[in-house]
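Residue numbers (this note's numbering), protein chains in the order written: chain A, -9 to 220; chain B, -9 to 220.
Misleading hints may appear alongside valid ones.
Note that identical chains are pooled: a pair holds if it fits in a single copy or bridges any two copies.
What the hints assert, rightly or not - Below, simulated BS3-like cross-link-like pairs (lysine-lysine); rule was C-alpha separation at most 30 Å, straight line:
1) K52 - K186
2) K166 - K22
3) K166 - K52
4) K22 - K186
5) K137 - K22
6) K90 - K(-5)
7) K49 - K137
8) K137 - K52
9) K49 - K22
10) K186 - K137
11) K137 - K166
12) K22 - K(-5)
13) K91 - K137
Since the hints were derived computationally from the structure, they do not count as laboratory data.
Each chain, written out:
2 protein chains.
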Amino acid sequence: MRTAKQILSQSILFAGLPEADIEALLAIAVEKPVTAGELIFSEGDPGDGFYVTIEGLIKIYKLSTEGKEQILHMFGPGEPFGEVPVFSGQAFPATAEGVKKGRVLFFPRRAFRDLIARNPSVAMNMLGLLSQRLRHFTVQVENLSLKEVPARLAGYFLLQAEEQNNPERITLNISKGHLASFLGTIPETLSRMLRKMSEQDLISVEGREIRLLDRQGLADLAEFGKMENE
Amino acid sequence: MRTAKQILSQSILFAGLPEADIEALLAIAVEKPVTAGELIFSEGDPGDGFYVTIEGLIKIYKLSTEGKEQILHMFGPGEPFGEVPVFSGQAFPATAEGVKKGRVLFFPRRAFRDLIARNPSVAMNMLGLLSQRLRHFTVQVENLSLKEVPARLAGYFLLQAEEQNNPERITLNISKGHLASFLGTIPETLSRMLRKMSEQDLISVEGREIRLLDRQGLADLAEFGKMENE
DNA sequence: TTGATTCCTTGATTTATGTCAAAATTCATT
DNA sequence: AATGAATTTTGACATAAATCAAGGAATCAA
């Protein structure tokens, strides 16, 4: 069983925080067991603290006017929930309920705010993490709305080059199959596009190492979407 | 000319903060004019503060090994830059330079951290903003990797329903043309899909009002991607 | 080495969706 | 209401990419 500490230090909100900060967070958090079907909070409850799932599965839902349950999200280990209204000082806009037995950490709003005041670098780190992810996703969304696969792929390469801090070579950290699905396509198409881009000397591929041979060409491709024909 | 205060209160990092907090931020910020071609910071400089563009245009770039400039981002009014390394206590990984004459606000790291310690709800608000946007983009990225347009569209409707806090009806806040481009398609295709979805009683469309008639059907569509044939 | 998986590539075909052209509708302004 | 501009819809056609089917690498365990 993974400990709360392990989960936290890999979670979206706290990943990469120094161990001392994780300890400080654990010190103010309250661990609660959750059973399937158990209500964690209800729509309209005051947002007096947020949660991080440690184990199990939580669903967030609203009831439609006919009383039907509309699931909005499911959250597993490492994923926070309720933090948006809590950070903003709002009531919970939906209901949270256990789906699979597990446990969650509850971070009381007040104690969390005090922790930040005592130790502002925790907040700074969190802001850094969130900003970075946000920037990543902003670019990613732009990429994905590009109509054609070669353009999305070129955009992905440029984004990765930036994030890996190397403008000339990137290493795929996921399999080509996963990459295909991530780009909204399938392995066959990805494979063909990689070949085509290699033939045009935009890139060269050696396993998971991609060399970016023509950055300007890739940028044009990402912007205009069309590849010149062979 | 829009004032720094107006820009800040609509910026990604600070939008929606109470006026008092914006004032507090302005009190620690230093306004600097920027001319075209002026260096703001260089790769490797210590990240002793971050910037928000007020007016003009800033480019962020790195130099390739052959000394060629690789532009990573351009930032206009309201957009922060340098905040990721600064929040995380790193050096700047790239160089910032003015492209169009304007001005920027500089937030010294130290003063900003002290501000957070004095006034943790500023940090809480920022965390709330970033978390919300992050959640939005996370879902959006998932949607956009769905292969077919009807699935992406259904996903978009469900996301909007959640954000507009109304599970049964949404109001498009962008034109259908823009929506098409946002979903990575074109107005013609969007139009056809809306008709098809209406014919199947998944939705009904009255101008920019979309009524979600079959939420489960939409969820299935978003998940499995296929529409049943006419 | 062998066999067993998994991952990646290639080819033939079908299908979804983009392109082009034009009509219809909506919206804003007089 | 009437004009004009912008947006949306429709139709015929072209094409990028998905599907289906098969075969090759690469990886791993014994």
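Going through the hints against the structure:
1. K52 - K186: between (48 Å within a copy, 28 Å between copies)
2. K166 - K22: Neither. Shortest intra-copy (40 Å) and inter-copy (46 Å) distances fail the 30 Å Cα cut-off.
3. K166 - K52: between (37 Å within a copy, 28 Å between copies)
4. K22 - K186: Answer is neither: 54 Å inside a copy and 47 Å across each miss the 30 Å cutoff.
5. K137 - K22: neither (46 Å within a copy, 39 Å between copies)
6. K90 - K(-5): within (21 Å within a copy, 47 Å between copies)
7. K49 - K137: Between. Shortest inter-copy distance 26 Å satisfies the 30 Å Cα cut-off; intra-copy 33 Å does not.
8. K137 - K52: between (34 Å within a copy, 28 Å between copies)
9. K49 - K22: Classified as within; 16 Å inside a copy, 48 Å across copies.
10. K186 - K137: Both ways: K186 and K137 sit 17 Å apart in one copy and 21 Å across, limit 30 Å.
11. K137 - K166: both (20 Å within a copy, 16 Å between copies)
12. K22 - K(-5): within (15 Å within a copy, 43 Å between copies)
13. K91 - K137: neither (42 Å within a copy, 34 Å between copies)
Violated hints for the displayed structure, listed by number in ascending order: 2, 4, 5, 13.
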